[in-house]
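With the hints as extra help, turn the sequences into a complete structure.
Number of protein chains: 2
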Amino acid sequence: MTEQTIEINLSNNKKEKPNPDQLSFGKVFTDHMFTVSYSEGKGWHEPKVTPYQPITLDPASMVFHYGQTVFEGLKAYLANDGRILLFRPKKNLERLNLSNQRLCIPTIDEELVLSGLKKLLEVDKEWIPNAPGTSLYIRPFIIPTEAFLGVAPSNHYQFMIILSPVGSYYKEGINPVKIYVEDQYVRAVSGGTGKAKTGGNYAASLKAQEGATSRGFSQVLWLDGVEKKYIEEVGSMNIFFKINGEVVTPALNESILEGVTRNSVLQLLKYWEIPVSERKISIEEVFESYSKGLVEEAFGTGTAAVISPVGELSWRGENIVINNGETGTIAKKLYDTLTGIQKGDVTDYFDWTISVDVK
Amino acid sequence: MTEQTIEINLSNNKKEKPNPDQLSFGKVFTDHMFTVSYSEGKGWHEPKVTPYQPITLDPASMVFHYGQTVFEGLKAYLANDGRILLFRPKKNLERLNLSNQRLCIPTIDEELVLSGLKKLLEVDKEWIPNAPGTSLYIRPFIIPTEAFLGVAPSNHYQFMIILSPVGSYYKEGINPVKIYVEDQYVRAVSGGTGKAKTGGNYAASLKAQEGATSRGFSQVLWLDGVEKKYIEEVGSMNIFFKINGEVVTPALNESILEGVTRNSVLQLLKYWEIPVSERKISIEEVFESYSKGLVEEAFGTGTAAVISPVGELSWRGENIVINNGETGTIAKKLYDTLTGIQKGDVTDYFDWTISVDVK
Ligand SMILES: Cc1ncc(COP(=O)(O)O)c(C=O)c1O
Ligand SMILES: Cc1ncc(COP(=O)(O)O)c(C=O)c1O
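Here the protein sequences line up with chains A and B, keeping their order. If you're matching positions, the first sequence starts at 1 in full-length UniProt numbering and goes up one per residue. If you're matching positions, the second sequence starts at 1 in full-length UniProt numbering and goes up one per residue.
Hint data in this document are derived by calculation from the structure and do not stem from the laboratory. It is possible that some hints are incorrect.
Subject to a maximum C-alpha distance of 20 angstroms in a straight line, what follows is the list of computed DMTMM-like cross-link-like pairs (lysine to aspartate or glutamate) [unchecked claim]:
| # | chain 1 | residue 1 | chain 2 | residue 2 |
| --- | --- | --- | --- | --- |
| 1 | B | K228 | A | E254 |
| 2 | A | K229 | B | E227 |
| 3 | B | K195 | A | E210 |
| 4 | A | K48 | B | D58 |
| 5 | A | K195 | B | E210 |
| 6 | A | K195 | B | D183 |
| 7 | B | K228 | A | E227 |
| 8 | B | K14 | A | D58 |
| 9 | B | K229 | A | E227 |
| 10 | A | K14 | B | D58 |
| 11 | A | K17 | B | D58 |
| 12 | A | K27 | B | E40 |
| 13 | B | K17 | A | D58 |
| 14 | B | K27 | A | E40 |
| 15 | A | K15 | B | D58 |
| 16 | B | K27 | A | D58 |
| 17 | B | K195 | A | D183 |
| 18 | A | K228 | B | E227 |
| 19 | B | K15 | A | D58 |
| 20 | A | K27 | B | D58 |
| 21 | B | K48 | A | D58 |
| 22 | A | K228 | B | E40 |
Next up, the structure:
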């Protein structure tokens, strides 16, 4: 793709910023957004930063009917020295294009998107909160906009990035969460769309999440869709267990989302020389190991919560309390290291962060 | 729900109607639409017929991110005596509410929707084409509109009905189609959302459809997501085979959409005393029966195409030509009977059609 110029159109109507102590997740949005349009023949074109504004679409637009959408989620942090730091954004943009391929959406130039994101962050820099645990959540997404009711890939799309200053994702913060192992509903199956970050996977998860919530659990742990035996992932996190001295996480397959945090955790554990493996792991193995006193820790990993210790797991009416319901040593160390690197407070051994130059 | 008054707001800007000989599927829409809003506390409210107009939504609206959508598809016909006929609309509205339940969307009053649809048809009556094979396609759908990035059911929804005058769904018309049996990608799995009419199922199907099209097939036949062995359905049709004198269709399960046309075909076959059964049927059984010369017919059933004979099936590189690639006797009889009832030309033994009174 030839270099495209990003047009910038600033808002003269600045919104009031939220109180930094009262940030929740994904409810408040900044003053601007970044958009790129796609149409057959023209390709991705007209990259621009504009005031945050409503989208106007024909009621027959495909996004309202056939779920051909993809999205991403990453964060920007304000370092204490004033730099804006992005955590491994290229991993998210690579994954966006993997999702695009699965959903028959034309891939987008990752460099262009990264430039657009940087310009957007420059413009909305004042929206990045600084207090511990806070950050600016970045939501890139693509919607099909063609007005046509045939079931087919759209010929028109809109790519957008919106920004939202956020506090902790779970109301528990870094405190352990209670997780319900779902053995009726299925989120994704081999041959399906689980590996892609597409709306339908999340729509499919709502019913089970509702059940888990009503039983007093904060998240669902999904099992494979074929045998309902092997552990896959949590609602919006990958999952790790420390069993008998070794950290284990389910090996990637077609129905698990490859988390950027998961990948970072694996690298850190190897760097620290903590035994770790990616393999198939059944829910039975976890419960059996627990009965032998071998389950030392469990935690989820994801952009929103970073590291989320699991204090309790419930499967088929049996509940197990892990590490006395307290945050484990490894979960704590990972959380401190990752959030430290993200904020620029801890040495970034792996060159994970990208600093956005503000002119 | 107490009776709600449907507000009517007519358009003064009538669009030009398409040439009845050049109707395609789902590209042209009428002058009006019917909408009902939902918000927490208020429930479904403000039913109204308004000019067909764009929808304006915040970029953070859930519909753009998490696929919590449902839809329906049915048709209105203009009888030769001038009456507007609807084919079994209550079945579609029942199914809409089943889909709602699976997707954690509040159910909607079916009577209210039917009244709204009738009002809308009255207003846009002139848009209903009359030529053979044409009809007015009706698309009810629900989208989540809350601006919030948490993965949770929305607190706000919009229900809408839009109308589109249509010709034949497949360019082949009633002529036989070539179908590719998909054994890599999966549309839906037990425990998933296959039984619901929700966007994600269709998004998941695009990649396989793309492959089938590039190989010269017009549709995909889906197998079960667990063993990839049992036949489920076609992209937007249920499937029937006539094997050794008996008509067989896959029994309903959690991953098959219960088609209104499927149900009507089953009733007609029973009425005609043609042997018919709903049961598990493997793709192997079909190919084995074929090699013994026992596969007499195959056809798909769905609102868009009504009956679509299958002339050729391809599975794992093996192609079989059914009934010499010609429309079978039963497919033809079903097509003539169903379209005849729908148009008011054939006695409606089952009271399937509802006539809309126009004042
Ligand atoms: C289904 C699912 N699994 C895992 C993750 C974790 O991925 P990441 O670490 O890239 O945020 C997410 C969230 O992005 C998710 O939605
Ligand atoms: C996946 C799927 N299966 C089957 C059908 C056929 O259902 P109906 O006969 O109600 O149109 C449809 C279309 O509505 C569909 O989308």
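A quick look at each hint next to the structure:
1. K228/B x E254/A: holds (15 angstroms)
2. K229/A x E227/B: With a Cα-Cα distance of about 15 angstroms, the restraint between K229/A and E227/B holds, given a limit of 20 angstroms.
3. K195/B x E210/A: holds (19 angstroms)
4. K48/A x D58/B: Status holds; Cα separation ~18 angstroms.
5. K195/A x E210/B: Satisfied, since the Cα-Cα distance of roughly 19 angstroms is no more than 20 angstroms.
6. K195/A x D183/B: Answer holds: K195/A to D183/B is near 18 angstroms, not above 20 angstroms.
7. K228/B x E227/A: The given pair, whose Cα atoms are some 13 angstroms apart, holds under the 20 angstroms limit.
8. K14/B x D58/A: Between K14/B and D58/A the Cα gap is close to 17 angstroms, so the pair holds against 20 angstroms.
9. K229/B x E227/A: holds (15 angstroms)
10. K14/A x D58/B: holds (17 angstroms)
11. K17/A x D58/B: holds (18 angstroms)
12. K27/A x E40/B: Roughly 17 angstroms separates the two Cα atoms, so the pair holds.
13. K17/B x D58/A: Judged against 20 angstroms, a Cα distance of about 18 angstroms means the pair holds.
14. K27/B x E40/A: holds (17 angstroms)
15. K15/A x D58/B: The given pair, whose Cα atoms are some 15 angstroms apart, holds under the 20 angstroms limit.
16. K27/B x D58/A: Given that 20 angstroms is the threshold and the Cα spacing comes to 11 angstroms, the pair holds.
17. K195/B x D183/A: holds (18 angstroms)
18. K228/A x E227/B: Holds - the C-alpha atoms of E227/B and K228/A are around 13 angstroms apart, at most 20 angstroms.
19. K15/B x D58/A: holds (15 angstroms)
20. K27/A x D58/B: Since the Cα atoms of K27/A and D58/B sit roughly 11 angstroms apart, the hinted pair holds (cutoff 20 angstroms).
21. K48/B x D58/A: At roughly 18 angstroms apart (the allowed maximum being 20 angstroms), D58/A and K48/B satisfy the hint.
22. K228/A x E40/B: Cα-Cα ~35 angstroms, so violated.
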